[in-house]
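Undergrad: Residue numbers (this note's numbering), protein chains in the order written: chain A, 1 to 360; chain B, 1 to 343; chain C, 1 to 564.
Don't take every hint at face value.
Just the calculated beta-carbon pair ranges, DEER-fashion [claimed, not checked]:
id : chain 1 : residue 1 : chain 2 : residue 2 : range
1  : C       : 321       : B       : 276       : 30 to 38 Å
2  : B       : 63        : C       : 439       : 28 to 36 Å
3  : A       : 359       : C       : 131       : 39 to 47 Å
4  : A       : 359       : C       : 64        : 56 to 64 Å
5  : A       : 47        : B       : 248       : 55 to 63 Å
6  : B       : 276       : A       : 359       : 48 to 56 Å
7  : B       : 32        : C       : 544       : 56 to 64 Å
Since the hints were derived computationally from the structure, they do not count as laboratory data. Glycine included, every Cβ here is placed at the ideal spot set by N, Cα and C.
Okay, here's what each chain looks like letter by letter:
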Amino acid sequence: MTSHAHDSHDAGHGHGEHGHNPFLAHHFDDPEQQFDSGKLGIWLFLVTEVLFFSGMFCAYALYRSLHPEVFTFASQYLNETLGAFNTGVLLFSSLSMAWGVRCAQLRQRTGLVICLAITLGCAAMFLGVKAIEYTHKWDLGLLPAGEYISQFLQPAHHAGISPWLYYLSAVPALCVLGFAAWYVVAVTTGQKRTAEVAGPLLVTALCYFLGVFVGIAFQNAEAASKAAEHGVAEHGVAEHGVAEHASVAHDEGHDHAGDERDDVMLVSHSDVPVVPGAPELAAVDQAGGAGVFFSIYYCMTGVHAVHILGGMAVLAWLLVRATKDHFNEEYFGPVDYVGLYWHLVDLIWIYLFPLLYLIK
Amino acid sequence: MSLFGIPLLLADKNATFWFPAKASTFAEDVDSLYMYIMWISAVFFALIVVAMVWFAIKYRRRPGYEGDSRALHNNALEIIWTVIPTMIVVWIFAKGVYGYMDMMRPPAETIDVNVTARKWNWTFQYPNGAISPELHVPINQASRMRMRSEDALHSLFIPAFRCKTDLVPGRVTYMWFKPILTGEYDLFCAEYCGDEHSNMITKVFVHEDADYQKWLAEAAKPPENPVAHGQWLYERMGCKACHSSEPDKKIVGPSFAGTYGTEQKMAGGKAVKVDENYIRESILEPQKKIREGYQNASLMPSFQGKLKDNEITALTLYIEALKDGQLTDDELGKNDDKAVAPK
Amino acid sequence: MSAVATEPTHSHYESNEADNFLINSKGVLSWALTLDHKRIGLMYLVGVMSAFFVAGILALVLRTELMTPDQWFLTTQQYNQVFTLHGAIMVFLFIIPSVPAALGNFLVPVMLGAKDVAFPRLNLGSFYLWVAGAIFFLSAMLYTGLDTGWTFYTPYSTQTRGPVVAATMGVFILGFSSIFTGLNFIVTINTMRPPGMTWFKMPLFLWATYATAIIQVLATPVLGITVLLLAAERVFHIGIFDPAYNGDPVVFQHFFWFYSHPAVYIMILPAMGIISEVMSVHCHKSIFGYRFIAYSSIAIALFGFLVWGHHMFTSGMAEVTTIVFSALTFTVSIPSAIKVFNWLATMYKGTVQLTTPMCYALSFIFLFTIGGLTGLWLGALSTDRHLHDTYFVVAHFHYVMVGGTLVGFLSGVFHWWPKMTGKMFSEFWGIVSCWFVFVGFNLTFLPQFVMGSRGMPRRYARYVEEFQDLHQMSTVGAYLLGLGLFVALGVLLHSLRSGKKAPANPWGAATLEWQCSSPPPFYNFQSPPTVNEPYDYLPLVYRDADRGWEYVQQTTPAPKPVHV
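The following block holds chain A by itself, in its conformation from the complex:
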């Protein structure tokens, strides 16, 4: 985003005062101008991001006002505890990021590296939890509108880890292996700088799995408590098994024989207001109408997750630069700008969480 160039095409004619700061781009008069430009630039970029998300917030507002009962019903499938956990994780990552900016300003190299590592780790944990949430929903057929499988028609399905999770976790697993190998090599060959990068990245990849385990733990806890509350949950088995919907993933040999813990319907019929909503709700749900909530859910959290991934890439770049001692009290712009971006990503989640998870 910023352009502090070590470019070779300046011939240093008459404006060569960048003796003491190698990161002052040739087209800026002084570091202040460069910093102000970068700051304005990142703020403008954040404005574009807000507008980008605003389209989806508009869609949310529109469809929620048109179908409030659908939103209330569908929101119950979102695990509030996991959502709250994720909120806490992101807030903490914003803290570590802000601290990192401070470290950069004070030339605290190790501090900066640690803060960036923590931020990256939190981001990875967030994604791990999200992976659990997503794969669990895919199992239940809670898909975008066109593919949505009605929860009132759904035949029995299973508990346990979704097969989708294995696919999703393949990349992080590879990262763990790759970074671990890299770290070991770096340490054994005495490349301290490289180890300083490889180590945090290894921790980041491991944090993804930490998030996955936290997700599983919370989800099991919730299922257990729901089962205890409602006894055996009702199955909404339709009279005419709608043939097309039979191909739900759970058919692939997961053991649900004799599994009393029915986290099948996280919401049983008794949770849904009986009069006057229930018959209409069932009809709407069976017609796929509830899918619009999940469409919006996936779009909003999905685009948000893409921004987390992008942020992680940029943070990794900052990590590399930090280990190379690029940042000091005169030049900390990039850390500051990425920090701003990260705060926006956090802020967007702060809006998403209540709007999606906390609808009552």
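We have chain A; now place chains B and C onto it with these hints.
TA: Okay, now just chains B and C, sitting in the frame of chain A:
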């Protein structure tokens, strides 16, 4: 027609250079606002162009002339040429709103016509149940269109009536007008809807009241010959949009040509003979059996309540008569002199 | 007048020829990986003009088919694909980037006396995003042919076969090119103005660019999310726009036009900025009503966000909504009118030179006025119900986009051509091109107003016979227009080979870009330019054709504007 001649070939003699015939109560208002804006614009445009040309000539660089390059300003002038245009556009806006509100508020008594648009034809259903691919309305009475689209966006546009409203799938939209001139006018689809958008044209017929009643009664009467009746229904009830009458031409559902009496394979493996029972079931409960190869096609709607028994019989006879897609005049009962083969 | 002419100051303009930005480094990579805003601008210029050429040929194909009411050589499906391609290439690959990216990139830093834009690497990135988007977009459309129209209305765009997803992803990428260009300009103009250049001492081209950049930054992201959601609708059936899944097609229209209406102001504002410059320079007269023009640019940028619904008056929106949008639409017309009046007043008591840039600028005023006035018919609710989706709309937007933006762009290209290339072009043939373009354009599009009010709908491959005469007139005009544009291109290309060497300041302009050599050195200025009033011509005096205009020393400050 001559290449640069003034366009003399007019749709009808009531059209003028700028406008089609003034065939509805809206036309006068729309045309007059149009001309007001025209005159106002012409005045301003003339002022601007004359000033431009005048200045370009008067102040052109030439030996002996020295212009003054210093900045000029005149706040009074700026205010004047801001305020006056503002007042003018407010007036135009207001006039537009009045005309528009008239267009949006049908009178209490209207003749309601149900309009269905699909790619790429129109169907009009009248209060007495008559169905026609063309729009027939009586003069000096308000007609209200109740419009639905079966697939994409369409727009019903009658230039002679100066009105246009989109048809949005998933909703019903409305448009009303009151014709004041008898005649035959074009009806266009004005929202791009795919391949044959420019062929989605039909006609509006404005009748004197007596003629209108006569037409309505006739239109409600299907042809007497049952095969022709079947064809008549095929063209009006929307079958045509999805089922071709030509062999091997697939639109959405299977073609009717040459299908009667054959054995057809259903999704799920069973083979079924295409006979009266199967056709009847397909019309009333289309999802019960789906032909192999059509599982992913758009679902056929049920015609329960929309087709009477004798109509289902007529359709069956029509399908039976369709062997290679061509129906002889005999089969259509043309020689019985009664049935009119619809276009 | 009390400027005392003394010995001419030592020229800023003599330079080391080898520093000329066109040749200071050689080889394809030195251009492909350049961070020099001037080179990036020229690469954009080549890119957008190529896109324009392709889309222009498509337009001629359409017009040729329309010579006859029935089919001639295109099936309806092919016709639909051609008009989609024509519109999409013109809007996304040509008009939106044209002035800001091709001319703006070159001029903004130089007008500011700066060495480059704030983020040169982002600038190069923007260019490559344009290229990537163009490749993506074009190959998607040419592969199986897209027939949705450039507006991608649902549900047709969710139902049709064809590479809607690929094309919309191309649009998505192009959107980022536009956003980053705008972002770059805002930051550059905010933080890199030289000491002494306050906001109201900036050239008006920079005001126009700034206003455009605001729109680019605020509106384009909404286009991004719209096309992303459209792609998601097609692939995942998210049910937001497609009625088959309980979505609402009118919501798509709202989302789409929320960007695409401000987009038309992205198209016209920079061209207006050019006209402000050209009118002042070629009338050798300080611009009349500087502040009014500056403020009106910002006003257009802001009001432009409020009027998107006027594309949807017949779509079934509530009455109140349409009335509000109609009212707001009329407010947006006033600032444009103010500009036109100020430009005309600039001619008063000036010294008008009918050079090629000036001819195009006068054409602009003529054509843009017609385009703007015809917007009144469309903004008024009752007339719009008749005229919406007819050829009247087609004529209106071509008047503003071609008669406005394209003509303004050409004016700018001719005006700054000597600066960018160091060559003068043939005035005679330049003016010939201007006349052909002017006459051809009017002949093409004036008949279309009549067609529209007579009821000829748009996007029609076939039509009823009564419109044939008007269509044929229109086609002849289109060929004339094409011819004029070819002549213009010929003039420019010819000048590269055999044009006379251009002086630093051939037109006698006072903005900073004329204080360096033509073409500029790669570092833009041999010596720091003197910040002055951008439209104060008193210190300039004409020497001869070779030396052009030069500054003479002034012993008194520029006089304040005179009240008329």
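Undergrad: Hint by hint, say whether it matches the structure.
TA: Against the structure, the hints come out as follows:
In this structure the supplied range 30 to 38 Å is violated for residue 321 of chain C paired with residue 276 of chain B, their Cβ-Cβ distance being about 52 Å. Taken as a hint, the range 28 to 36 Å holds for the pair residue 63 of chain B and residue 439 of chain C, whose Cβ atoms sit roughly 31 Å apart. Taken as a hint, the range 39 to 47 Å holds for the pair residue 359 of chain A and residue 131 of chain C, whose Cβ atoms sit roughly 45 Å apart. Restraint check, residue 359 of chain A to residue 64 of chain C: a C-beta distance of roughly 58 Å satisfies the suggested window 56 to 64 Å.
About 57 Å separates the C-beta atoms of residue 47 of chain A and residue 248 of chain B, a value consistent with the hinted range of 55 to 63 Å. Our hint of 48 to 56 Å for residue 276 of chain B and residue 359 of chain A holds, since their Cβ atoms are close to 53 Å apart. Here the CB-CB span from residue 32 of chain B to residue 544 of chain C is close to 60 Å, well matched to the stated 56 to 64 Å.
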